[in-house]
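**Q** For reference, the chains in residue letters:
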Amino acid sequence: MTAKTPFFDSPDDLARLVPDGASIAIAKEPSSPFALARALIRRGARNLHLVTVPTAGLIADLLIGAGAVRLVETSGVSLGEFGPAPRFASAVKSGAVEIRDATCPAVYAALQAGEKGQPFAPIRGVLGSDLLARRPDWRVIDNPFSDGEDPVVLLAPIRPDFALIHADRADRFGNVFVGGRHEFKTMAHAARQTLVTVEEIVDHDLREDEATAANLIGGLYVAGLAAAPGGARPAAAPGRYAADEAHVASYAKRARDEADFADYLAAEVFGRTPAAAAE
Amino acid sequence: MSDVRIEERLIHAIAGLLDGSGHIACGVLSPIPGAAAMLAAKRGGGRVSIIGSDLPAYRCDGGVELFDQAGQGRLDAFFLSGGQIDGRANINLHGVGAYPQMDVRWSGAFGSAYLYFLVPRVILFRLEHSRRVFPETVDFISAPGVSAPGVHRPGGPYALVTNLCVMRFDRDRARFRLESVHPGVTVEEVRDQTGFDFDTGETTPETETPPAADLALIRGEIAEAIANPYPKFARAVFGVGAAA
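Going down the list, the protein sequences come from chains P and X.
In terms of the numbering used here, the first sequence opens at residue 7 and continues consecutively.
In terms of the numbering used here, the second sequence opens at residue 195 and continues consecutively.
Be aware that one or more of the hints could be misleading.
[What the hints assert, rightly or not] Here's a subset of chain P near chain X, in silico, CB distances under 7 Å, partners left out:
(1) G27
(2) S29
(3) T80
(4) T109
[Stated by the list, open to error] Calculated Cβ distances over 12 Å to all of chain X for the following chain P residues:
(5) P25
(6) G89
(7) A97
(8) K99
(9) D148
(10) D156
(11) H210
(12) G225
(13) L271
Because the hints were derived from the structure by calculation, they are not lab data.
Here the structure is a predicted model, which is why all the values come from computation and not from measurement.
Every residue, glycine too, gets a C-beta built ideally from N, C-alpha and C.
Use the sequences and the hints to build the structure in full.
**A** Structure below.
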């Protein structure tokens, strides 16, 4: 493994590292890597296998609507208070994307198995659901440590090709501060490579202070890093900016219609819009 | 108290169902269960974790840890909903029609397929009480209401709260029983709007009106707290912004 963390100028440079057909893991909001997702769409990425950790909102709907995704592995895609995810629902219904339905703790457990290099992860629950019936890759065995009957579900590990993460800050050694978002670390550890955008790159070593050192993705895992201030918008970046609710509300409406969605993409992703009218 | 909103009545009713819970968690669902959890905890001294809240008192590691807590039995109550819920308390969060290219596709299971097995008191909540939502049998079982003997299942459905009524679930009989109807609602109306059969007593009481002290809590402190992470709801129902 190379010790040097590659620094890049922009999210578009990072997006070029993700080949078509790659599996990418993206965490739920806040701090979703929107700048990176928009760069992937501008790059014309296709056939991605999107793993949401463990659910996702607008960012998944956007990638799916833009035609970048072939398979979505998720525990839920929804715009939360702003209603259903229109492009996701439409793409699943039409068969434009393949769906691999999961449940939140299964995604975490499978990523943890990936992180630990374990062959599988056992999980409680799920038995008797149609969810299990539709996941032939999930197996049921009897708990070998139980005296009586005790069926449990086994999950294959998840090892995404890329974890895509937006974080608050990184240092010049490639260490990335994730604060309380511990699943960012799980994702980075499980993924083969991690690409990160940050609000800010600082000059001091984040490992010097115990408070930040405890909440870092070590530079060892980071294959690409770029500063992208505002890179989580329209999602929130805690401590920096709030979610842009007006934007999400407008998206929820526009994404219901294919032509409106195409206009949204042109304006918000490709920047081909006439000057935005004051709202 | 004629000026009690339905949301406030439901918050109070759910809080009653939660009494005695030491740790209640609330997911990315409706803010009404979240507010109810806060009320129950204020009355009984319990703890509340709200996934997505930034407020120190309610924040949690909504990722791995909350599920680990459920797995160990450290979580006493949780809320689930469904696009469809049937008479055996099976919930469907996936859609209507034949899977996978369903006629209507919803969001997905979220944590339901796990938490429904492990959390002792799962309260089902849905604001639309209709045959569409409560069919005889769901199209897709995202999480089953009851399990076969031999399946490790300390948890499961405890009650169902809707815009019309409160029902309780009997796990041994795998059936709902009507507990109370909200003011202006009749038992017949609940039957008309429900696609599955359920039990009733000789008489069905009206869902209690929240006492003044609870209302004051709901409209003050709780409305402000629930604005994070439900700003839209807090503005619409209470005219309140998020706490700084």
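**Q** Confirm or reject each hint.
**A** Taking the hints in turn, this is what the structure says about them:
{"no.": "1", "hint": "G27", "verdict": "violated (21 Å)"}
{"no.": "2", "hint": "S29", "verdict": "violated (18 Å)"}
{"no.": "3", "hint": "T80", "verdict": "holds (6 Å)"}
{"no.": "4", "hint": "T109", "verdict": "holds (4 Å)"}
{"no.": "5", "hint": "P25", "verdict": "holds (26 Å)"}
{"no.": "6", "hint": "G89", "verdict": "violated (10 Å)"}
{"no.": "7", "hint": "A97", "verdict": "violated (9 Å)"}
{"no.": "8", "hint": "K99", "verdict": "violated (5 Å)"}
{"no.": "9", "hint": "D148", "verdict": "violated (9 Å)"}
{"no.": "10", "hint": "D156", "verdict": "violated (6 Å)"}
{"no.": "11", "hint": "H210", "verdict": "holds (26 Å)"}
{"no.": "12", "hint": "G225", "verdict": "holds (22 Å)"}
{"no.": "13", "hint": "L271", "verdict": "holds (21 Å)"}
In terms of the numbered hints stated before, the structure departs from hints 1, 2, 6, 7, 8, 9 and 10, listed from lowest to highest.
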